[in-house]
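**Q** Next come the chains, spelled out residue by residue.
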Amino acid sequence: MLKMSHLSKVYRTEVVETYALRDFNIDVKEGEFVAVTGPSGSGKTTFLTIAGLLETFSGGEYHLDGIEVSNLNDNARSRIRNEKIGFIFQAFNLIPDLNVYDNIEVPLRYRGMKAAERKQRIMDALERVGLSSRARHYPAELSGGQQQRVAIARALAGSPRLLLADEPTGNLDTQMARGVLELLEEIHRDGATIVMVTHDPELAARAQRNVHIIDGQVVDLAEEPRFHAHAAAPQSLA
Amino acid sequence: MQIRPILAALRRHKAGTVLIALQIALTLAIVCNALFIIHERLANMSEASGVDEANVFVIKNQWAGDRSTQQIDAQVRSDVLALRQLPGVRDAAPASGYPLKGGGWDNFVTMTPDQVKPTTDSSVYGSDEHLLDALGLRLIAGRNFRPDEVVVMGTQQVVIPPVVIVSKALADRLFPDGSALGKSFYAMSATPTTIIGIVDELHRPGVNQWNRPYAGQSLIWPLRPDDARGIYYIVRAKPGRLAAAMREAPKALYAQDRMRIIDPKDGLLSFARVRSRVYDRDRGMAILMGIVSMVLLAITAAGIVGLTSFWVGQRRKQIGVRRALGATRGDILNYFLTENLLIGLGGVFVGTVLAIGINLWMVARFEMARLSLAYVVAGVVALLLLGQGAVLAPALRASRVSPVEATRSA
Amino acid sequence: MLSYYLELALRSLRRNPALTALMVMAIGFGVAASMITWSVFRAVSGDPIPDKSARLFTPQIDGWGPQQNLKGEPADALNYTDAMVLMRAHEAKRQTLLYPVQLSVMPGGDRDLPLAANGYAVGGDFFAMFEVPFEYGTGWSAQDDHARAAVVVISDQLNQKLFGGANGVGRTINLGGHDYRVVGVTRHWNPKPRFFDLFSTQGFEDVSDFYMPFTRALDLEMRTDGSNSCRGKLTFTTWDDWLQSNCVWITPWVELDSAADVARYRHFLENYAADQQRAGRFDWAPNLRLRDVVQWLDHERVVPPESRISFMVALGFFVICLVNTIGLLLAKFLRRAGEIGVRRALGASRRQIYTQYLIEAATVGLAGGVLGLLLTAAGVPGVGLLFPPQIARLAQLDLSLVALTFAVAIFATVAAAFYPAWRAAKVQPAWQLKSN
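Chains as they are written, first to last, in the numbering used here: chain A, 1 to 238; chain B, 1 to 410; chain C, 1 to 436.
Excised from the complex, chain A in its bound form:
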């Protein structure tokens, strides 16, 4: 599903070259739930932005769902983000000017979907995260946990193959965090591939597999998966 080989990311300034990722290798299989951990500044976030095609990389290869993405132009990258990837951010990143319904609609709009289908998907996604009654609310009117559920609904609405989560519970209290995590696990059980970046070991422990990054490289902790994926074939999430 997600395969990076010898991937590197270099930030150049006039005087120094900084390797954010160096000879970076990772292979996430279809249907896996992978937690990426590592100390602050280790390159977790860089990995995630490259994985999500938010940024380009300097060297190596990256195959996403079988496609080599390094040579894709901006529009093609946008299309892949739109169709194959769902994002869940630490800061939720809901658009404050739009209400819940309109926020979830954003990626569907960019996909050029018919209105009836958009509506169906939005309602389904909202039901899934248990917020059907809040469709007309604005983000500022919701609690943090609710906002993150909306963000997850937005990520799910487009039926992505890959869900990328960046500290999804980082801004939430324990109670809310638990709810969000349970939701992610449920989504995973339904067959989604999830890559979650976190520095919280407890959270990481809930994933199938942990990948540890230090100084821009993967350190193999060779842990046994805690539980197995039970769906052999990928299926739609929403």
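Bear in mind the hints are in silico, worked out from the structure with no lab data behind them. A virtual CB, placed ideally from N, CA and C, is assigned to each residue, including glycine.
Here are the in silico distance ranges between beta carbons for each label pair:
1. B/W210 / C/A147: 37 to 43 angstroms
2. C/Q295 / B/D66: 39 to 45 angstroms
3. B/L297 / A/M123: 43 to 49 angstroms
4. C/H299 / B/A43: 25 to 31 angstroms
5. A/V10 / C/E7: 42 to 48 angstroms
6. B/A43 / C/Y4: 55 to 61 angstroms
7. C/T138 / B/L360: 51 to 57 angstroms
8. C/Q295 / B/F366: 17 to 23 angstroms
9. C/L2 / B/A43: 55 to 61 angstroms
10. A/R136 / B/A43: 54 to 60 angstroms
11. B/K238 / C/T138: 53 to 59 angstroms
12. B/A255 / C/V294: 49 to 55 angstroms
13. C/A415 / A/E185: 56 to 62 angstroms
Derived coverage of chain B by chain C (criterion: at least 3 residues anywhere in the stretch with Cβ under 8 angstroms from a Cβ of chain C; other residues may be distant):
14. 7 to 19
15. 25 to 33
16. 61 to 69
17. 188 to 197
18. 257 to 270
19. 280 to 293
20. 304 to 315
Listed below are the simulated DSSO-like cross-link pairs for lysine-lysine, each with C-alpha atoms no more than 27 angstroms apart in a straight line:
21. C/K192 / C/K161
22. C/K161 / B/K60
23. B/K251 / C/K161
24. B/K265 / C/K192
25. B/K265 / B/K238
26. A/K84 / A/K119
27. B/K60 / B/K251
28. B/K317 / A/K84
29. B/K14 / C/K426
30. C/K71 / C/K233
31. B/K183 / C/K233
32. C/K161 / B/K265
33. C/K71 / B/K117
34. B/K238 / B/K251
35. B/K317 / C/K426
36. C/K233 / B/K117
37. B/K183 / B/K117
38. A/K119 / B/K317
39. B/K238 / B/K60
40. B/K60 / B/K265
With chain A's structure known, arrange chains B and C on it following the hints.
**A** Positioned in the frame of chain A, the structure of chains B and C alone reads:
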């Protein structure tokens, strides 16, 4: 493409939206009317005079001292003879006034001698058989005056000659069926005057509001205006010799008799000066409205650039999120262009109402013409394009916001 | 505290030089456009004789009747018959008839060519009524009027031309072939608009060269150099025919000190017109007007529409510039919402935030005022391109215009800043701490 969510977002930025829309509305209202004023004024300024303007000049001659009508008549005859003999001069005529002088003599016209309400009004030029050639008028029907038809008109005397040459505009006004030649009318007199000739164009002396309904309606009577207060000499130079003729003419007149006044300031005017002088208000108004419109459009464009740049800056994060969610650069560009178009449409809607309102008020207050709808349409298109142009730079900047922005903390 | 706010303002303005420049330019252009057109408008729309304008009246009597008058309004001047009746009746404290005349000053001294001279035939009361200032001598007396005396009052300008500026009183000049004794030399006097002669002028003419007795001008059969408007069939060939015609060419003025005087004079006019109706000279009911100076200026539409329209367009322009400024200030202030949140968290009160931003706006207004003043100074001499010379000449950059430019710029900008500053002051102290 995504109008509803844009409108939804704009509802959360009411102040900025309203300010841009208001600015567009006011600009449209003022620019439409300014352009219309420019159009009207330019139309005034380009009115045909019928005169061979490149070669004609005018001398305003005032008499000094006390003279009888007979003395003046003799002097006028010898003056025009002297002028006609100048090497640079093609022809010269004495006249009571001239087109575009900026006000002068006019009479009401009636079709019968005892009609009280006038049929129309005509400006009147008193001159001799040389006027047609001296002004360069085009005779399109009938004939010129014969020398023996020209009679003397003393100071403030009423003399109604039996024959008249009229402008085509007056002929058509009085006899719409085109049968004017040979017909008679009455110009504030008990005796009729008969049309013996028709000239194509002959502008009135005045250009102000009062003259508008009677535009181009003029008549020439064979009257040598021997008025004690003064006389105008209309001189037509030979082609290319205007400057020389204008130098020679006053000298020739002073050589005839020194007891006359040709004012150094405005006693000697080329017809180009005559035209520019009489339309100076129109020209000034057109220039002013032009400057105002241009600066206004520039300021409005700059205002749109400023506010949109602010919005782009304020929304960097959400632009990043949209990009992360799959928006292409084109989508982001379109978003801002569409947003501006929606605001612009709101603005021009209000602006159209305002523009028409302002015009109606000016129609009532300043007797201006009704705003032609073409101006509103042109203004609407111009402002919408201006808005799109102004928003382009900030929108392009927005489209270059990296999707990584989504992962940065606010 | 004020200096702190000023410092903050300057720092803030320096931070976005493009935005600041845009605002300053918008204010500058807006103010300059308004001030330039205002300088013209105030010049043409002013009261030319403020201390007496409510006591000077011009009577109008309809001698043409409803068929031929000006859409119900009587003519803007009087015919000879009616004018002479008013003069002889002498029902007002002071009164004058007047019409413009043009004469030549005959050669003399070292001049070998005649000079053109434009003036007015007026009554002796003219000078006191219109407060004409004298350099030398005075006007003439009622006896001179009666005696149809060959006297003249000349302008300082003509005095300069003829006598090199020396006291010309008592000297004799030849006007149009007749000798006149100079009894007075005026100081520069050219009221704008020329309210007393709006029948023959647009109100903005060069200074008059001389004033001579109305009675003397009639004796010499001097035709008006101004307008002459007639109705019906014209038959006159002689001077006397013309005097008896319905042509109007004489402007009358009367000075009436109280409302009672005005009422009495109106009554007199009504009686006269009614008498004329009874006598069969008018076959219509009395149709009279008695307008004071301001009403007369208004009736004659002396303010050129161009001046009015351009002033209003400039005001509209200024409003747009202000709307523009409101938008830009709003953007500028709200962009610093984070900073405001921190300031509020550190203990700044709403009022303090409000004040800070109003002072920032005032600074922009001041800069806009300076730019506006420069543009106005550059623009006022350029008015000649936009308005006819006789009107353009009236536009002047004086101290009051300078003060007004600054006042308007600062006041308008601060007014424009009320809403943006209010929005800025509404920012919550904690806002910035909450994540987006």
